[in-house]
Amino acid sequence: MTADHRQQPLKESDRTWVIPVTRRDLLRYGGKLGLMATMLSAAGVTFACGGGDEGSDAPQGTATSAASGGGETPAAGTPGAAAVTAEPGGEATPGGTLTIVRATDPLNLHPGMNSGLADIATNFLIYDALVIHGFDGKIYPALAESWESSDDGTVWTFHLRQDVRFHSGEPFTSAHVVDHFQRWKEMPTSAKIALLDSVEAPDDYTVVFTLKSPTLVFLNNISQTEWAYGSIPNMKKVEELGDDYGVVGVDGTGPFKLEEWVKDDHITLVRNEDYTWGSPIYSNTGPAYPERIIFKVVPEEASRSALIETGEANMNIEVAARDVQRLSDIPGVTVASFPRLSSNHIGFNMQRELFQDINVRKAIMHGINREEITQFVMHGQADPAEGYLHPEVVGAAPREQTRPLVEYNPDKAVQLLEESGWTLGPDGIRVKDGKPLSFTLYLTTELNEQINQAVQAQLREIGIDMQVRRLEAAGYDDATKAGEHDARFIPMIYSSADHMYFFITDSIPSPNTTFWSDPKFDELFEKSQTTTDEDERIKTFQEMELYLLEQAVVIPIQHLKWIFAWDDKTKGTTFHNIHGIYKLMDTWVEQ
Amino acid sequence: MTAYIIRRLLTLIPTLLGVSLLVFSITRLTPGDPVRQIVGPDAPQQRVDEVRQQLGLDQPILVQYWKFLTGAVRGDLGRSLLTRQPVVREIRDRLPVTLKIATISVIIAVAIGIPLGVISAARKYSAVDTLATLFAIGGVSMPLFWFAIMAILLFSIRLQWLPVGGLHGPIWTLEGMKAYVLPCITLALTPIALIARLTRSSMLEVLDREYVTVARAKGLEERRVIIRHALRNALLPVVTFVGLQYGFLLGGAVVTETIFALPGVGRLAITAINQRDYPVIQGVVLMVAMIFTMINLIVDVLYAWLDPRISYA
Chain R
1 MTADHRQQPL KESDRTWVIP VTRRDLLRYG GKLGLMATML SAAGVTFACG
51 GGDEGSDAPQ GTATSAASGG GETPAAGTPG AAAVTAEPGG EATPGGTLTI
101 VRATDPLNLH PGMNSGLADI ATNFLIYDAL VIHGFDGKIY PALAESWESS
151 DDGTVWTFHL RQDVRFHSGE PFTSAHVVDH FQRWKEMPTS AKIALLDSVE
201 APDDYTVVFT LKSPTLVFLN NISQTEWAYG SIPNMKKVEE LGDDYGVVGV
251 DGTGPFKLEE WVKDDHITLV RNEDYTWGSP IYSNTGPAYP ERIIFKVVPE
301 EASRSALIET GEANMNIEVA ARDVQRLSDI PGVTVASFPR LSSNHIGFNM
351 QRELFQDINV RKAIMHGINR EEITQFVMHG QADPAEGYLH PEVVGAAPRE
401 QTRPLVEYNP DKAVQLLEES GWTLGPDGIR VKDGKPLSFT LYLTTELNEQ
451 INQAVQAQLR EIGIDMQVRR LEAAGYDDAT KAGEHDARFI PMIYSSADHM
501 YFFITDSIPS PNTTFWSDPK FDELFEKSQT TTDEDERIKT FQEMELYLLE
551 QAVVIPIQHL KWIFAWDDKT KGTTFHNIHG IYKLMDTWVE Q
Chain P
1 MTAYIIRRLL TLIPTLLGVS LLVFSITRLT PGDPVRQIVG PDAPQQRVDE
51 VRQQLGLDQP ILVQYWKFLT GAVRGDLGRS LLTRQPVVRE IRDRLPVTLK
101 IATISVIIAV AIGIPLGVIS AARKYSAVDT LATLFAIGGV SMPLFWFAIM
151 AILLFSIRLQ WLPVGGLHGP IWTLEGMKAY VLPCITLALT PIALIARLTR
201 SSMLEVLDRE YVTVARAKGL EERRVIIRHA LRNALLPVVT FVGLQYGFLL
251 GGAVVTETIF ALPGVGRLAI TAINQRDYPV IQGVVLMVAM IFTMINLIVD
301 VLYAWLDPRI SYA
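In order, the protein sequences belong to chains R and P.
Sequential numbering of the first sequence, starting at 1, is according to the working numbering.
Sequential numbering of the second sequence, starting at 1, is according to the working numbering.
Looking at chain R on its own, in the form it has when it is part of the complex (with noise of 0.2 angstroms):
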């Protein structure tokens, strides 16, 4: 069976595992509604304030796969997320062991310590945040029962839960949040704390946060959806453990304690039996269903989906485009895709001779069938792009003002290539000044290079020569960060529009390898961190979008799928647009 979100919209029913914020939830955790409200709109979040109905507002799913791993770009901000429940599957019953296949074995659990994607989803399991957000993409308590912040937006206090304990036993306090943020501002990962001044425990469940200046996206930025690195280990283990926490030992407040770790084979968590305090986005607060989870690595996509043949594993969370049909057909085993938040894109060199010409990135815009390569290339599994944002994003601009920037129109990109004087030549290749229209695309990863070997196929057809370097990840970061190439492809995934700032004059040479320059843009993009007015800095992401778009500096091209299998004995598995699995607190294994 193929669930296709996007082409079987889920029934209203079937969304009874997204959790809306109704105003008793407000109360509950707020208290002080007025200073919350203030505060929320200051981290980019709406209340979606209403019955308990209120999932039908929430986006169904969001977000990005590269289905062959290398390459991903997260980027930071503010989610817009949504949730699709994979099947709600009756009632849950606890025990069992949950096998779960990936790519990639975590390198280090120390939450911050590095950004690779496996170590993140890890420790959304093992630990817990002050707050994360929920399938709706609002935050939510988690380890703090309520916040406030200050009129000037500079200082944050949160009030820490008192029932929580560390896996060890060992009781969480303040202290250990305080420890935490000291020791991430020295992490590699700090820049999403970059604003931080000062961290203060004045009693043992309170910690005050004083920030350098008001930021939109502080809130977001310690959530434990922004790549777990706000998730809070316990100080001694940490103390203890040295260089070797991470590795050696954990110790998290999360619904999973870590019990085995073979290297590169299998990581087994086990059921933290005391877990009560879970977040209220999932339905189960505690203990997990769940007696044990285990993540097997198998770096290699046709083995994956045999395990899942085989019965050696219950779900697949990195299928291939490729095996979607293969594994369809087997009795028992569900595939389903779901958006992703992320864009995969052609970015230009804007310092280059040729991308100094508006109308020649305005015909390779319109030069590309995003339908085709989608159904060719990505047998299905993406959705061609009609815009640079997810349109699940918030503060996406309206797709019938995107759409006509992007649309597949080959006559409209041979005129504007008339218009700046490109002329066929003998070979097919258009010419100018002698010159032949031609560039380089570097890109990484073997689905990249064959999506944008389609890409090469259609623009040959308008006259364009592109030819496609494939580089492995780190020597493709550096030639890009040093200007060698002419273009460069990346599918970059993302949890909200802020990760825009890939492409404002400060990030230069990096993140922003497009070497584009542009003031409008630099000032539209200061106004939507500074601006304390929700509508205002959705409003202003659209522009930055549009004014992307019709300036043709980034050539989207798909936005990837999450692609998950599951067996039948898998019940309840709810995904998250950003993280997929994330906690599996209502996932259940039927014994």
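Don't read these hints as lab results, they were simulated from the structure.
Each hint should be verified, as a subset may be incorrect.
Unchecked claim - Think about it this way: if two alpha-carbon atoms lie no more than 20 angstroms apart in a straight line, the pair counts; the simulated DMTMM-like pairs of lysine to aspartate or glutamate are:
no.	chain 1	residue 1	chain 2	residue 2
1	R	K236	R	D163
2	R	K185	P	D49
3	R	K212	R	D152
4	R	K412	R	D357
5	R	K185	P	E50
6	R	K569	R	E590
7	P	K124	P	E205
8	R	K237	R	E259
9	R	K212	R	D151
10	R	K481	P	D49
11	R	K539	R	E526
12	R	K481	P	D33
13	P	K218	P	D208
14	R	K520	R	D506
15	P	K124	P	D208
16	R	K481	P	D58
17	P	K178	R	E312
18	R	K412	R	E461
19	R	K539	R	E400
20	R	K481	P	E50
What the hints assert, rightly or not - Partner residues aside, some chain R positions facing chain P, computed with beta carbon under 10 angstroms:
no.	residue
21	D105
22	N108
23	H110
24	M187
25	T189
26	S190
27	A191
28	D244
29	V247
30	V248
31	V297
32	R304
33	E312
34	G475
35	D478
36	K481
As the list claims (entries may be wrong) - Computed beta-carbon distance windows for the label pairs:
no.	chain 1	residue 1	chain 2	residue 2	range
37	R	K569	P	L154	23 to 31 angstroms
38	R	A457	P	L154	36 to 44 angstroms
39	R	A457	P	W146	23 to 31 angstroms
40	P	M142	R	L195	56 to 64 angstroms
The beta-carbon is built from N, C-alpha and C at its ideal position, and this holds for glycine as well.
Add chain P to chain R, keeping to what the hints say.
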């Protein structure tokens, strides 16, 4: 002999020095920045510089090399840039799996390859010889990954006799042992074919020698002529090949480890290379170089045992 072994062991020092210098230079000259891999592509340059300083990667190359060298002498290969774990421990965790698959595969390859080669030579141009030749050509030409996936399809999915991949407990248990069957057969395939061909040609050469004719003239049983007189002399090139092959497999059977999801040295090396984890790359290469040199030494000592005419006095 002892003096020879000591002399050979001493040559290890310049060899490893050379290897370390080479691998150190290559990792630094290859494009790619380990710090970017750690901090993520969206981190600001200032953070990248700070982390580079923390890891000591901002120091001059010669200083870095000297630190690495003085550490290596004490058995400290540094810490992985990504996991922050000692490289020695990272390798030690993966080595048992690689040792097992390499050893079992070589045993399988020798146990099948040599008899196949001997039979082919003894019955030159017979049906057995033709079949063995066909098998050898197939074994050498067949892509490993294709064979591995076909084996999974047949034995794991269709027949459900063997697991697809991963470790399934200690090797002395039935389940644990089953996990090694497909990877070892896959890995042994090419060496079986090569050993069979090598043994065959070497045997044919020896069987033409005069002393074999003399042995036959003396009325010795053909089986005895082949095994006692011909095979022992024909084995010299085969022993060299098996030694090198074993060293090669210990260096990491990357494709096999990847398809069958086995956590060995090959996968450690690939991950380290992709992420520019310099200390791990250096550690793995040094270890492989050391193993190669040691195996060469063992092979040379074996020569003297196989052929008493060779002496290292």
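Against the structure, the hints come out as follows:
| no. | hint | in the structure |
| --- | --- | --- |
| 1 | R:K236 / R:D163 | holds, 19 angstroms |
| 2 | R:K185 / P:D49 | holds, 15 angstroms |
| 3 | R:K212 / R:D152 | holds, 11 angstroms |
| 4 | R:K412 / R:D357 | holds, 16 angstroms |
| 5 | R:K185 / P:E50 | holds, 12 angstroms |
| 6 | R:K569 / R:E590 | holds, 5 angstroms |
| 7 | P:K124 / P:E205 | holds, 12 angstroms |
| 8 | R:K237 / R:E259 | holds, 16 angstroms |
| 9 | R:K212 / R:D151 | holds, 14 angstroms |
| 10 | R:K481 / P:D49 | holds, 15 angstroms |
| 11 | R:K539 / R:E526 | holds, 13 angstroms |
| 12 | R:K481 / P:D33 | holds, 11 angstroms |
| 13 | P:K218 / P:D208 | holds, 16 angstroms |
| 14 | R:K520 / R:D506 | holds, 13 angstroms |
| 15 | P:K124 / P:D208 | holds, 13 angstroms |
| 16 | R:K481 / P:D58 | holds, 18 angstroms |
| 17 | P:K178 / R:E312 | holds, 14 angstroms |
| 18 | R:K412 / R:E461 | holds, 13 angstroms |
| 19 | R:K539 / R:E400 | holds, 15 angstroms |
| 20 | R:K481 / P:E50 | holds, 18 angstroms |
| 21 | D105 | holds, 8 angstroms |
| 22 | N108 | holds, 5 angstroms |
| 23 | H110 | holds, 8 angstroms |
| 24 | M187 | holds, 9 angstroms |
| 25 | T189 | holds, 6 angstroms |
| 26 | S190 | holds, 6 angstroms |
| 27 | A191 | holds, 5 angstroms |
| 28 | D244 | holds, 7 angstroms |
| 29 | V247 | holds, 5 angstroms |
| 30 | V248 | holds, 8 angstroms |
| 31 | V297 | holds, 6 angstroms |
| 32 | R304 | holds, 8 angstroms |
| 33 | E312 | holds, 6 angstroms |
| 34 | G475 | holds, 4 angstroms |
| 35 | D478 | holds, 4 angstroms |
| 36 | K481 | holds, 8 angstroms |
| 37 | R:K569 / P:L154: 23 to 31 angstroms | holds, 25 angstroms |
| 38 | R:A457 / P:L154: 36 to 44 angstroms | holds, 37 angstroms |
| 39 | R:A457 / P:W146: 23 to 31 angstroms | holds, 28 angstroms |
| 40 | P:M142 / R:L195: 56 to 64 angstroms | holds, 58 angstroms |
Checked against the numbered hints given earlier, the structure satisfies every one of them.
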